[in-house]
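> What follows is each chain in one-letter form.
Protein chains: 2
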Amino acid sequence: MTIDFKRDVLAPVAHDFAAMDQFINEGITSKVALVMSVSKHVVEAGGKRMRPIMCLLAAKACGVSDMTHARHLAAIIEMLHTATLVHDDVVDESGLRRGRPTANATWNNQTAVLVGDFLISRAFDLLVNIKNWDLLKDFSTGTCEIAEGEVLQLQWQHQPHATEDIYLQIIHGKTSRLFELATEGAAILAGQESYREAMRHYAGHFGNAFQIIDDILDYTSDAETLGKNIGDDLMEGKPTLPLIAALKLTHENTEQHQIVHKSIATGGTSHLEQVISIVKNSGALEYCLQRAKEETEKAVEALQVLPESEYRQALENLAQLALDRIQ
Amino acid sequence: MTIDFKRDVLAPVAHDFAAMDQFINEGITSKVALVMSVSKHVVEAGGKRMRPIMCLLAAKACGVSDMTHARHLAAIIEMLHTATLVHDDVVDESGLRRGRPTANATWNNQTAVLVGDFLISRAFDLLVNIKNWDLLKDFSTGTCEIAEGEVLQLQWQHQPHATEDIYLQIIHGKTSRLFELATEGAAILAGQESYREAMRHYAGHFGNAFQIIDDILDYTSDAETLGKNIGDDLMEGKPTLPLIAALKLTHENTEQHQIVHKSIATGGTSHLEQVISIVKNSGALEYCLQRAKEETEKAVEALQVLPESEYRQALENLAQLALDRIQ
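If you're matching them up, the sequences are chains H and G in order.
End of the first sequence sits at 327 in the UniProt record's numbering; the numbers just go up one at a time, nothing left out.
End of the second sequence sits at 327 in the UniProt record's numbering; the numbers just go up one at a time, nothing left out.
Among the clues, some could well be false.
Copies of the same chain look alike in the list, so a pair counts if it fits in one copy or across any two.
[Said to hold, decoys possible] Derived lysine to any residue pairs resembling SDA-like cross-links, with alpha carbons at most 20 Å apart:
#1 K31 to L168
#2 K31 to G142
#3 K48 to I326
#4 K137 to K293
#5 K280 to Q290
#6 K137 to E26
#7 K137 to D125
#8 K137 to H201
#9 K248 to G99
#10 K248 to Q290
#11 K31 to Q157
#12 K137 to E301
Source of the hints: derived by calculation from the structure; they are not laboratory data.
Put together the whole structure using the sequences plus the hints.
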């Protein structure tokens with residue numbers, strides 16, 4: 001059976017999801033008209049809202065009955081995610097995101113940076129209203145780690161000696177950590193101390209799989225279906241897993257090895273065609289796919305601590321769906 | 001007697017100030033080397049640390065005996081201030097701040113935006129450790145208002161019909177609000193509910209005076225003494241008080257009025273010399289100076305609720321010193 005996002009992931013929390021969306025709109029309300037227009041623009045440009053949906057499903061799966069705080073938490077997660085996208089678009093000078101003009105392109109860099117700052121602050125403000133110390137500490141530490149992960153990625157740009165371990169540290173910070181906050185936060189709201197670790201592991205492994213798949217797609221997708229340009233990572237000299245694996249699977253003194261090595265070191269896409277074929281022929285893609293599968297398996301395994309429910313099943317479906325992107 | 005910053009402002013809290021500085025260094029510790037280098041660079045490029053000193057003085061003036069939390073709070077204030085400067089430098093594409101290369105110039109925009117985000121998150125993380133709900137709520141709301149104030153400033157760029165009231169809203173957000181957090185936060189730590197309002201008023205009026213003076217200097221200072229270029233605000237079409245006053249003090253159908261009106265609307269410095277002389281000859285500068293004096297008087301008046309002490313005196317000296325910049 002093919003997994004369908006709406007039917008097999010969203011449906012069990014569709015009602016909470018609608019309420020959460022309404023809460024995001026209240027959250028970005030501001031007496032400053034420009035803050036509101038920009039926030040509205042960037043929040044509406046959001047994608048599938050995977051992170052808040054994960055948060056809502058996790059809350060239900062952990063046994064939360066009154067979903068008020070969980071809806072707020074899901075909105076907070078999405079606002080934090082949106083803030084990072086807005087800042088990413090400024091630093092990457094992106095003009096489009098998911099086919100829509102970015103905030104920096106529609107307004108300017110100043111507005112985009114400041115509205116990003118506003119969204120971070122408002123997310124914390126809404127979080128404070130929930131009045132839960134454990135939750136607050138988890139988020140304040142987590143957001144530091146997210147920023148650190150993004151800087152670590154910059155630090156390793158153009159470094160061909162990056163290892164898989166370094167890569168995992170980077171993607172944990174820049175991607176998996178926010179997923180972890182979404183699900184562990186839900187377990188905290190449920191008051192289920194014993195579920196915290198399981199929920200964190202689910203989201204952490206899911207996030208790793210999700211990012212590995214994203215990095216594979218940078219060498220295999222076509223631009224039209226994804227809104228992502230092939231070769232973006234290579235352009236920036238990012239040592240992602242497909243390249244790290246390709247370096248490991250080719251011998252140091254081969255031309256293939258040297259082309260990948262040099263491409264990371266210099267960035268640019270002048271050897272893009274060659275790098276793509278090396279990644280494919282060296283077995284690097286198979287290796288990455290295998291790693292994504294392993295991470296997905298670990299994610300699903302972590303869920304088994306929770307009692308069986310349609311919500312747990314939906315979390316499992318979501319993990320499977322992410323993997324389906326490349327199969 | 002001329003007020004001396006070190007002797008008449010800093011001295012009463014010199015010991016706490018040194019400990020606070022140490023705490024900032026611990027606060028910016030990160031396992032990511034690049035995060036640490038950039039944070040260290042931008043924190044060290046800081047100026048007189050007026051905001052944390054104000055926080056320490058306010059804590060003492062409100063009767064705080066154990067200064068541990070106050071030192072932490074002062075460090076948090078400085079970290080938030082630093083984060084806004086780092087982001088400002090990115091959006092203004094500034095290469096120098098106080099004669100030192102900016103983070104965006106030394107590294108790049110990406111690094112600067114992300115380290116700014118890290119500093120905001122770390123500031124919240126340290127704040128959560130103090131475990132005081134009132135303090136946390138004040139800061140989470142306040143940081144939203146600061147971002148909103150900065151966006152409001154962008155919204156009113158190139159708008160000659162901005163009023164003094166709009167101007168006051170802008171400077172309250174972008175400047176005074178952080179000063180308020182510094183002193184009201186100290187009153188919260190002191191557990192002195194009755195001092196909260198007085199401390200907020202002191203800092204709010206001080207901040208207004210400070211910003212009005214800064215805006216006067218944009219039309220009167222020389223670049224060498226200030227590290228600020230004359231005409232920066234005019235360049236960006238910012239309707240600051242000197243221009244708002246000049247428009248009010250000249251008749252609509254005069255050439256002078258039209259030059260100022262047009263300069264705000266278009267930005268640029270092609271009429272800088274003329275605008276400077278209009279600001280001076282129309283009585284706008286005197287008006288601004290008068291307003292700065294009034295704000296300073298209100299700041300000092302608000303202090304009178306506190307018991308007399310060397311700390312209260314130092315806060316009064318600080319307000320006086322800010323005014324001395326233009327006399």
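> Could you tell me which of the numbered hints above are not met by this structure, giving the numbers in increasing order?
4, 9 and 12
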